[in-house]
Structure formats: structure tokens, C-alpha cells
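Asks: Sequence:
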Amino acid sequence: MPKVTDLCDKIRHNLNLQSNSSRKQGNFRNSRKRCSLYSDKVPTNAAISEALRNPLILEAIFGKLTLPALKRARLVCHDWNDVAGTLLGKRAYLHVNKVVSFKSAATLSEVTPVHDEVIRRLLISYKFAPSVPAEQKALVVTNALSSVAQKGSQSTREIKFRVAEKEFIPAFLEGIRLFGATKIEKIYLSNIWPPRNDYAIPAQTYQKLPPQDHLTFIKFKIFIQDEPPRAFGPYEFQPFLQIWIDAATNLTSLDVTTNFYPNLEGCKNLKFLRYKFVRMASYYGWYPDLDFAKVAKMLGQVKDSLIELELEHTILGATGEIQTLAEVPVLSKLTRLAIPSINIYRIRDFFDHDHLPKLKSVSVNERIMPSSLLCHLNLWQRHTGVRSLSLDLCTLGGTDYAEEFVDVFPAVKEFHLRAEVSFHTTLSDINEILGPWQKWDLERVKVHVKLFGDFSLLVDILKAVSELKGVKSIQFSDIFLKGDTFSPFVEDVILDSGGFKSVEISGCWGKGIVERIQPIFKASGAPVRLVRDDISNNIGYRIYN
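Quick note: the sequence shown uses full-length UniProt numbering, first residue 1, plus one each step.
Simulated from the structure, these hints should not be mistaken for lab results.
Treat the hints with caution; some may be incorrect.
To be verified - Lysine to any residue pairs mimicking SDA-like chemistry, simulated, CA-CA at most 25 Å apart:
| # | residue 1 | residue 2 |
| --- | --- | --- |
| 1 | K221 | Q150 |
| 2 | K186 | Y126 |
| 3 | K271 | L434 |
| 4 | K297 | L309 |
| 5 | K276 | E165 |
Please read these numbers as outputs of a predicted model, since none were measured by experiment.
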């Protein structure tokens, strides 16, 4: 997704975008005068001028510009204005609380004119023009949204609300109500609120919103950064999310990071749910922990529509007890389940074919300790419907659960593996974990191994993965090489990469290594590609797709 960008700092002097109504005015009354490049006397210039007014050509040209360059472009005619405005509306967010020129509360109606397409994506944040007093910021938010609503609320498709003060919630919702029924498709509500804010959001703030029939995606990430005021409790912001859920009659995707359990009773079309529970540090003893019964109730409300489910927890290393619930929902249409926090979501009699009858894809994350994954597997009953399995392992080695995966998921066809090699990993460890997986009748395999600078096991891992069935791709990352230390391995890499679709080896290579060795791989026909990364790219995992 493009980076959120503030358009308003330069919108007056650089964009010079006018509303559509301005086309009826000014000096653009015929095609011969619409562009300063036009010339009757020089046929070549005439052809160029005509081409540079062609929307397809202009879109291709402007589409090559970076976002800052597009913002600085000098738009000499309406044709350029229309294409550039449309592209800006797709690639950037209009920072609406900066479009108001503040002089006093009485003159808040002065709003910078913008192209209709630029209001396609709106950003409301905690950043205001320096001239805006703190006590007037909420009024600016309402006024800016009011101006957008008057200009054409049906043009807006996406809104991001990112503020650091609760006082902005009433102002934001007041402005949204001025929009009425809109064509908004996505809304993002996010921030970590500062602690000990005693402002109480008025109850009337949460009156019902107009129906938003086009709203299909909501992302909500709002919680207290520190101990919340006891007067409000941990569920203070639940009404803020709930009124949006209730207004979105055709909601299909919900991404929630919070400490409460939204009511999904009205979400009859919800297909995707990502639920990440936020828990405070243990010394806030009164702060509630994850409640499995409430999670089960929430899932039960969307059991007949949900297709994809992700369950997470914010505390790394947190552990929950295995629980038996009185009522466990049957997710009749669920096909993909991802559980990064496997050591938390330990629900008995849920991970089986009876409760997940159409499950096809499972993704689990064992980033804490190997024992967590084995305990999680013990909650599963044999499921012959799972065709795709994705594992994120803490280390490649020291495991005793490889055989368990084959028993629980015997029909896997597509296998994704991400793992790290520790200083204690041995060839025996590699064979122990990869050996049992040779029993799967795989069709596609993707592996990403992070070597942390140690490449001594690269050839052994390559050879072990080559024994798996199916079309195979592998990436080795975070390798640090200098001099000729890699040269002795080149022949073995060529030999063992023959059964792969692709082999990528990335890291910090010494001077000249890639230039010297890559031609050798190319000449041999081996599907090996060396990638030079800078240091910053080697911090943490690179996403492998």
C-alpha cells in the first residue's frame, strides 16, 4: 500500500487543482487553446500536443512519477489536471485537518480548493497547522469534514482516522454524519491513546451512523498505551467500533486489535476476521486477560459466513491454559485458519474436522519455543481436508513434532516453511525435521531459511529440501560473506539446486563476489540468484512470497 502522504502542505502552490465546475470558465474553451504546447505552425508540435492530451498517454507518463514528483508537477491544462488529480486520489491521502485556513473560529470556513478525485482518500490525524490553537482542533476536524461533505461525499472511498486524543472522536463522528449515506469502502481507526486521559466521551456521540452500504472493510486498532483510567475501564472504545460495524450492512473484512470483543451479530456477510487481543503487562492485575468464552461467542455470531480467520495476542511468550468450553461454534465455511499465537488460543474440541469441516489452509507460528507447537498439535484431531500448511519456526532443529504434522495433516499438497538456523543446529537436526515431510505427496514447496551470517549448513539444507516432492523454491537470507569464502560451495550448490524452480541467496556480499559468481551459476543453467542486501534489509525477516 502506498505510504500515507500529506498533500496539503503543497497543494496551494504546486497542484493548482480546480473543481470540475471551473472547466466552464477560464481560457480552456476549445482544444486548440487547452495546452500551451499546441502550435498550428509546426505540425510536429501539434502531434506532440495532441498526444500529451491523450488520457492514456498522460496516465502512463504521470504513473511513472514518484509521489513527490507528481505533487510538484506543473499542470498546464485541464487534461493534465484531471489525470494527475485522479492518480493522486488513488496513491495518496488528503490530510483533511490541514485544508482549513485558520484565522479565528469565525473564519474556519476557508478551505483550500482541491480536485474532486483528491478527496477519494482522506486522512484525519493529530497533526495540525501551527496556527490552530489546541482548543480549536476538534472544531477544525468537524469543519474540514463538513467541507468535504459539501464538495461531494460520494467521491470518498477511504478514510484513515489517526489521532492521539479522545476529544477528536465526537468531532470526527459529527463530521461523518454530515456525509450521510456514502460510498466509503474502507475505514481505518487507529492509535495508541495516551494514559490517564480523564476526558469522558459523551454518550450521545455514539448515536447510530447513517447506513454505509458500500463499507466492506474496517480496521480498528485503538487501545490504551498505559493503565487506563479506572473510571472508564478497558472497554471504553468498544462503542466507537460498534457503531461502525452496525452501520456497515455489507461488511466483509474486519481487522481488530483491541482488548474487547465486538458484537458481530449483524455481520451476515463477514468473510475475513483478524482478531488480536491486547493485554496489559502483568502488574496491572485488574486488567482482564483473554476470555475464550467471549471469543467463542464472537466466532459463533459469524459461523455461517466466515471464510478466513486469524487469531493473535500482543504479549510475546504469553501462555494460556487449555480450556473446555460449554459451546464451541462450528465454522461451516471456514477455509483458512492462521494462529500466530498458538500458545494462547488453546481451545479443546475445536481444532477438528467436525468444527472446521471445510478447512483447507492452516498457518501456525512457533516463534517462542518448540514445546508450544507440540502442545498445540496435541489439540488437533486428524484433518484430511487441509491441503496447505504454513509453518514459521523458531529454529530449524531440535524438534520432535515433524512426524506429528504428517499424522494430523496427511493430505497436505502445498507447504510453506520459514525457519532460522541457530548456532546449535546440526545436520542431524535438519534431517530429523525435514525427513518425515518427505511422506507428503507435495505439489508446491516454498522455504525461507534465515542463516544469521552462517552459511556452513546451506548446502545441507538445500540437499535435504530437494528430497521433498513437488515444485520447490527456496530462499536463504542474512548471509555475510567476504573474500573467497563462498567459492568452495559453488559446485555443490549447482549440483543440489537441479531439482528447484528457484534458489535465492541474499545477504551482505563482499566486494565483487556477486559479479564473479553469478555468471558461473548462469552459465551452468542452475536456477540460483545472488541478491546483495544492505544492512538494514537484514534486520528481521524479509517477507518471502
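Asks: Now tell me if each hint is right for this structure.
Replies: Going through the hints against the structure:
no.: 1; hint: K221 x Q150; in the structure: violated, 29 Å
no.: 2; hint: K186 x Y126; in the structure: holds, 20 Å
no.: 3; hint: K271 x L434; in the structure: violated, 34 Å
no.: 4; hint: K297 x L309; in the structure: holds, 14 Å
no.: 5; hint: K276 x E165; in the structure: holds, 22 Å
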